[in-house]
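Generate the whole structure from the sequences, applying the supplied hints.
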Amino acid sequence: MRAPGVAVLAGMMLAAPAAARADGAFPAAEGVLLAADRPQEMVLVTNFGVVLSEDGGQTWTWSCEQDTNALGVLYQLGPAPRRRMFAVANQNVVYSDDTTCSWQVAGGLLAGQSVTDVFPDPTNADRVLAIGVANTIYSVFESGDGGATFGAMPYQATGGDVVSSVESARADPRVVYVALMGADQTPRLARSSDGGATWTVNDLSAALGPGLPRIISVDPADADTVLLRWSSVLGGEAIAVTHDGGATATKPLSIPHYFTSFARMPDGALVLSAVSMVSPAQKSALLVSNDGGATFQENDAVPGVLAIAQRDGTLYAATDNFGDGYALGASTDEGATFQPVVRFDQIGSIMACLRTNAQCQASCEALAGNGLGSPGKIWDEAVCTGAAGTGGGGGASGTGGATGTGGASGTGGATGAGGGHGSSGGCAVGPGQSGPGLGAIAVIALLAIRRRGARWTWRRARSR
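Note that the sequence shown covers residues 3 to 466 in my numbering.
Among the hints, erroneous ones may be present.
To be verified - Here are the computed distance ranges between Cβ atoms for each label pair:
no. : residue 1 : residue 2 : range
1   : R176      : D269      : 22 to 30 Å
2   : A303      : R176      : 40 to 48 Å
3   : R176      : A384      : 49 to 57 Å
4   : G58       : G373      : 27 to 35 Å
5   : A208      : Q158      : 24 to 32 Å
6   : K253      : R176      : 22 to 30 Å
7   : A38       : G197      : 43 to 51 Å
These are calculated hints, taken from the structure and not from any lab test. Each residue gets a CB set at the ideal place from its N, CA and C atoms; glycine is no exception.
Here you go:
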């Protein structure tokens, strides 16, 4: 019975593009991370590293991918006082205590597991949940030391089940949810009210049909209300809502394509980004609900939104730097309009702690258009020496890339079983006009560099 479940998941990974916020709902390499208690800090996760501002977007620095966080996805910020940054990389939970300067690999029971998801409890900096897979068996693990080691296994799925996401409730952290698809393709939501000691597993197939559910968000004020993303085995997706912990569910919104990210506004509005059209050209949309998910209004007059997050009522979107003319935008009207925040060519330098890092220097030079196999020029070489201008914030929009017109980049691609609890999206980087013959291939743009020993390997855009 295990093989069919794995085969179905593999098929869905190929057929159902996806990306961005929360608990296995939007597997992605990129996102927007905004710490509530650090109002001047802004983090844009891309698939060529992390871009940061500590002065409200006036200046920006770049942190390259290192060996430990190479090919990282599902970046998230844990709460104070640790304020750890987490990611899933190389099938491990990795974390940084110094804003990406260095990374550590979590140990304990996760050793030997292929990690697909990580969830830092927003109410407790010491508690972190993660999903691991070994011999096709999915398990949920818990850490009591902030994600450094995992010493408990509160949930293990039946053989053939595919676990997509895990989340504890902010209103009552003893309540934990696990979303999964059974070997018979039935969507299920497991709930524990005692921190994982006992579980009730609810079958949602009568309300949803066969497919894979993912937890988008547990309502911060109501531990029984859960917002889910459901991907049909036949194609298409829907938003589902349960108000009784999974005993019953409704499906208020269905779309023919796929959702990409989620944000909950301070006034309770729910904002989802999605791809509303894929032919003749891919098109993004925002869907907003002001009644707890009962109904949604669609706005398709938006930039290429790949990931969203909010802070203090301002909605931030990771966008297509080359198609939209900026990499990060901000909206104060729930996505009706956006203003540019930063372009990639406004990044000033490598982070100070990494300027002598040979790996970062080599990656930076390649992204400045230098070296054999460079993906093209997205910024000036002065970024690599720290001599670039520090201007940022609100750069002019348009179709231009960092150094040229660039090309339109896409967000379509594969959906995985894991997911992120921060905002994430598909900030695809297209090449600029340097580098002969590259300007028109932004959809398959070469993005990031990893160094393994003395051998360089290039990574293409992981679109969703």
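Hint by hint, here is what the structure shows:
1. R176 x D269: 22 to 30 Å: holds, 28 Å
2. A303 x R176: 40 to 48 Å: holds, 43 Å
3. R176 x A384: 49 to 57 Å: The hinted range 49 to 57 Å holds for R176 and A384, with Cβ atoms some 53 Å apart.
4. G58 x G373: 27 to 35 Å: Holds, since G58 and G373 (Cβ atoms, about 34 Å apart) stay within the stated range.
5. A208 x Q158: 24 to 32 Å: Given about 26 Å between the Cβ atoms, the range holds.
6. K253 x R176: 22 to 30 Å: Taking Cβ atoms as reference, K253 and R176 lie about 28 Å apart, which means the hint holds.
7. A38 x G197: 43 to 51 Å: violated, 25 Å
Comparing the model with each numbered hint stated earlier shows that hint 7 is the single one that does not hold.
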